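Build the full structure now, drawing on both the sequences and the hints.
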Amino acid sequence: MANTIEVKDLLDAGVHFGHLTRKWDPNMAPYIYMERNGIHIINLYKTAAKLDEANQALRKIAASGRKILFVATKKQAKDIVAEHAKDAGMPYITERWPGGMLTNFVTIRKAVKKMAMVDRMKKDGRYETLSKKERLQVDRMRAKLEKNLGSIADMTRMPAALFIVDTVREHIAVAEALNLGIPIFAMVDTNANPRDIDYVIPSNDDASRSIEIVIKSVTDAVKAGLEDRKNEKGDEQPKKAKKADKGDDKPKKAAKKADTSEEEE
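174 is the number that numbering that gives the first Met the number 0 gives to position 175 of the sequence shown; each next residue is one higher, with no gaps.
For the record, the hints were derived by calculation from the structure and aren't laboratory data. Source: prediction; values computed, not measured. Be aware that a few hints might be false.
[Said to hold, decoys possible] Pairs of lysine-lysine residues, derived as DSS-like cross-links and limited to a Cα-Cα distance of at most 27 Å, are as follows:
1. LYS112 <-> LYS146
2. LYS222 <-> LYS77
3. LYS232 <-> LYS222
4. LYS146 <-> LYS122
5. LYS77 <-> LYS146
6. LYS77 <-> LYS109
7. LYS85 <-> LYS222
8. LYS132 <-> LYS7
9. LYS73 <-> LYS22
10. LYS121 <-> LYS131
11. LYS22 <-> LYS143
12. LYS73 <-> LYS143
Given below as structure tokens:
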């Protein structure tokens with residue numbers, strides 16, 4: 000398993016700081032330890048347990064070869080999520096969530112294919128036949144698509160799960176995933192409703208240090224799952240080779256039998 004995170008590390012990163020008590024969601028009560036100076040304090044023992052549970056599930060998904068889509072469009076989180084998701088080889092959305100990203104996935108894929116079409120045009124020379132104005136329009140379209148959808152260019156089918164930072168801000172992504180029955184993993188602060196989230200990680204989703212420690216932990220689990228898959232494939236190769244060798248033995252045995260018969264004659 001990926002390394003289990005220590006409560007002290009979560010404390011040092013400020014994962015325990017929730018929102019103002021007047022902004023809380025009562026459904027988060029089981030995850031709140033106490034109130035201090037008008038701010039709710041999250042129970043980090045529950046955070047550590049929930050994070051470990053989420054990591055185990057994410058590792059299994061990654062080991063199965065399916066994709067996990069990371070979603071974080073808030074300023075504090077976008078660069079952190081982009082860096083770690085890219086490092087783990089997973090798709091991510093850190094700009095505006097495109098409406099219908101999941102519920103209208105076919106249309107989104109068509110938009111992604113437009114980028115590939117422009118790249119092909121540049122390679123085969125068709126791009127050079129366009130007028131200066133047309134080239135400018137094509138370049139602008141390509142740049143806009145790259146900004147919003149470039150990070151999901153390799154996601155050829157629906158993701159197996161979503162990992163969200165700030166479910167209040169990303170409520171459209173949550174709604175689409177719920178509509179399609181896609182499991183949701185999320186950092187959930189004290190102002191959010193955890194009931195719609197499959198794997199709740201109660202945590203401060205505003206501070207960059209808090210986001211960093213949680214995202215690093217989950218992407219490490221994803222990388223461990225990918226390593227499991229790689230090792231499993233490596234183990235399968237010798238088995239296949241062994242089977243092939245056994246198959247080759249049959250003609251040899253038949254030939255040997257035929258030789259023996261000839262000698263007897």
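(request) Take the C-alpha atoms of LYS77 and LYS146, compute the straight-line distance between them, and say whether it is at most 27 Å. (result) holds (13 Å)
(message) Would the hint linking LYS146 and LYS122 be met if the CA-CA limit is 27 Å?
(response) holds (21 Å)
(message) LYS112 and LYS146 were given as a pair; does the straight-line alpha-carbon distance stay at or below 27 Å?
(response) This hinted pair holds, its Cα atoms lying about 14 Å apart.
(message) Next pair to validate is LYS77 with LYS109; report whether the Cα-Cα distance is within 27 Å.
(response) holds (25 Å)
(request) Please work out if LYS232 and LYS222 have their alpha carbons no farther apart than 27 Å. (result) holds (15 Å)
(request) Sort out whether LYS222 lies within 27 Å of LYS85, counting only the CA atoms. (result) With a Cα-Cα distance of about 11 Å, the restraint between LYS85 and LYS222 holds, given a limit of 27 Å.
(message) For LYS121 and LYS131, compute the direct alpha-carbon distance and say whether it is at most 27 Å.
(response) holds (14 Å)
(message) Need the status of pair LYS73, LYS143: alpha-carbon distance at most 27 Å?
(response) holds (19 Å)
(request) Take a quick look at whether LYS22 and LYS143 sit within 27 Å of each other, Cα to Cα. (result) violated (36 Å)
(message) Need the status of pair LYS222, LYS77: alpha-carbon distance at most 27 Å?
(response) Cα-Cα ~20 Å, so holds.
(request) Take a quick look at whether LYS73 and LYS22 sit within 27 Å of each other, Cα to Cα. (result) holds (19 Å)
(message) Next pair to validate is LYS132 with LYS7; report whether the Cα-Cα distance is within 27 Å.
(response) Distance of about 58 Å is beyond 27 Å: violated.
Of the numbered hints given earlier, the model fails hints 8 and 11; all others are met.
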